[in-house]
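Asks: Grab the two chains, each in its own frame, and use the hints to assemble them into the complex.
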Amino acid sequence: MEHTDINHAKQVVFKGLILLGVITIVEVLIALFGNGHLIAGMTLPKWIMYPVMIGLSLYKAYFIVYEFMHMKYEIQGLRMSVLLPMLLLVWAVIAFFNEGNHWKHNRQVVQDRNQIGIEQINAMPAADPAHGQEDHSDHEH
Amino acid sequence: MDSVAVQSNVAENDQNLWEGAKEPFKASYGKLMMWYFLVSDAFTFAGFLIAYGALKFSMPTWPLPDFVFSSLPGGIHHAPLIFVTIMTFVLIASSVTMVRAVQEGHRENKNGVVFWMGMTILGGLAFLGCQAWEWTTLIAGENMTVTTNPFGTHVVDGVYLDDEHGHPYEAGATPETFHAGQTYLIHKDHDTDEWIQRRYKAENGAVAQQAFGPKAFGALFFFITGFHGFHVFSGVLFLLIIMINAASGLYAARKNGYEMVEKIGLYWHFVDLVWVFVFLAYYLL
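Chains as they are written, first to last, in our numbering: chain A, 1 to 141; chain B, 1001 to 1285.
Calculated from the structure, these hints are not laboratory results. Keep in mind that this is a model prediction, so the values were computed, not measured. The C-beta atom is built at its ideal place from N, Cα and C for all residues, glycine as well. Among the hints, erroneous ones may be present.
Unchecked claim - Part of the chain A face toward chain B, derived, beta carbon under 7 Å:
| id | residue |
| --- | --- |
| 1 | Asn7 |
| 2 | Leu78 |
| 3 | Leu89 |
| 4 | Glu99 |
Only chain B is shown next, with the shape it has when bound in the complex (with noise of 0.2 Å):
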């Protein structure tokens, strides 16, 4: 467009160059192909977040997440998707500390770079050890495998005939009922290590068990949010690295100063950017 400003820009100015060419888009060689390759990433996590979709449209039932990510730290039950909140806050809690790094990065402030590195590391780790909980209160404590997905959900109304221990209701007793649309866990027995699925009568009369839900559930549910892990977990050696880098001096004299910190800036604000749309299309959809 405006090539005859370019090339006077690159007559004047050799620092411009990338090796003799000029320099497109008025961005250097390492944040221009940041970009590039975080649109092949996106491209990537879009691949699993649709096909995430078009499986839960292929399914007749699909669990309802309010109900499969409702346990908090500390045995509390019933807190629909609380600690995802709370996982998203610490995510855009380290992206904002990655904004104050890239600023102070401009301002050559070596001291504030490495201390708004270091809170976004923090960030990061905060993040990953809840990731680490959620998996662990799924595998171990619900027993959702990326085979094996104990998340039903009923199709019908009815009235359970065995009660949570998978004994028939004794006489006296209430059964409990449901609603059609409603997810429920079907547990392990602690003793046997069998699966307790509970036997129901349906409105129309039939009586029957309670199914497992859609194995495409715990598969995705793992490949997606752990492939969003791994990135943050290389994200947070990235940033180690930098941070060192930064605390020794190395970027301040350098020619293109920290610009080694807007690059892993980018890289781990499209991480945020990612859990924005896995937090949609997992937790809130």
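Excised from the complex, chain A in its bound form (with noise of 0.2 Å):
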């Protein structure tokens, strides 16, 4: 990499300013035309947009760290040794949001329980399902 031709070093920095800031774009028009922001009416499932935009960061995420950061230049030892340990991330996102939903289950339970257990709770504004979202308390597990 030592000594680029300068034309070409301007055109790999050209290419990654267009590539970046089109998928911006294209992620941004995603979630707001997803959520009925530009065509009154018109909304795109969850399962649709989602999926597209992690896709899309990731790929922006791929192309900085292997072109901007050059990693692409480095042997792959270095490559291993830094993106492998990555992969622990994985299982970490599927723990936690499964630990989220069980929270947001537990703190369910609890409310229904009470509402069971004292009328009364009904009509105070303490039993109001968003009160309740106050506390997550970290003891559920």
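Replies: Structure, rendered in structure tokens:
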């Protein structure tokens, strides 16, 4: 990579600028269109929007690491020692998102029991589901 | 793997030694350690973003980003995600100018390095300025803090009983309706400084008051974007130091040339990389 031809170098930079800019615009357009901000009444289902936006973001990340950070030109060992540990995050995402769902479920169970036991809670603002959100207890494993 | 080749290389060229050892991964000590620092930093950011996801999943409702982040400077509202898109472009542009600075470093063009690093610093400062405006809007204008989140979300369809100032609708006025999943902002009364939680009537006839949104939303927002902003801020400081060093001719005299520019470049691209995921998690999904 030493003494790269300056025209080629500028080309890489220009390509990166356009690519990252266009992907960002596409992502924002999908978010706006999908949530009905561009055409009234038109929305996209989340199962289409989310994978597309996540995929485009991962591509941006790949491009930044491989082109801008020159990971492409490093040897295999360096690449693997940096990228393989990131795979641990896959399990972290699965485990913690699952855990989050579990917290929600637990809170619902507690709330239902309270409502069965004490009728008057229904009439009080404290029984409002949104109010219960304020404590996301850590000891509900 | 190709230890023979490396060894012969070592024998020929003492400059490639790390104090007597072979150079692992054919990368200099500084660059390799920068990579491993970035790995550890990636885990820190991932911890924050995964916490965001877990807490979001644990709440019955979550504020819609295209409602929360819809202001523009100049008093413009209802422009969902436009301002954060501009912030993203600013950061991408500064990443691109950083690539140019590294390229000029390879060409040992001192003035080019200084110029493009200067542009990168301007980009970083512009991003920080945007973030300062965003925080100011949320804190001073919309009263969101680490412990208070006035962005709530309806869980049912219904109709408001109070107008925006918290007073019951007068006879003959058309009351505002809302749908489940719609996010609202609880305002503060300018005179009394008290929250105006509008009363509403749900579809099933129950009367209730606007509830506050999940607290974690505000706390996570300020910690995640604050931690990222702190990275940008320290990045700008390091860029400044290295730009001054480059301008002074320090790196022209060094054996490894402009490697410091490459190292701060790695860090700067990483900051952009993290923003890709902050942008995805906080603003898009």
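Asks: Give a verdict on every hint.
Replies: Here is what the structure says about each hint:
Contact between Asn7(A) and chain B, as hinted, is not supported at the beta carbon level, the nearest pair being about 11 Å apart and thus beyond 7 Å. Interface restraint check for Leu78(A): the shortest CB-CB distance to chain B comes to about 4 Å, inside 7 Å, so the restraint holds. A hinted interface residue such as Leu89(A) counts as satisfied when its beta carbon comes closer than 7 Å to some beta carbon of chain B; here the least separation is about 5 Å, so the hint holds. Residue-level restraint check for Glu99(A) holds (minimum Cβ-Cβ distance to chain B is 6 Å; threshold 7 Å).
When each numbered hint is compared with the structure, a violation occurs for hint 1 only.
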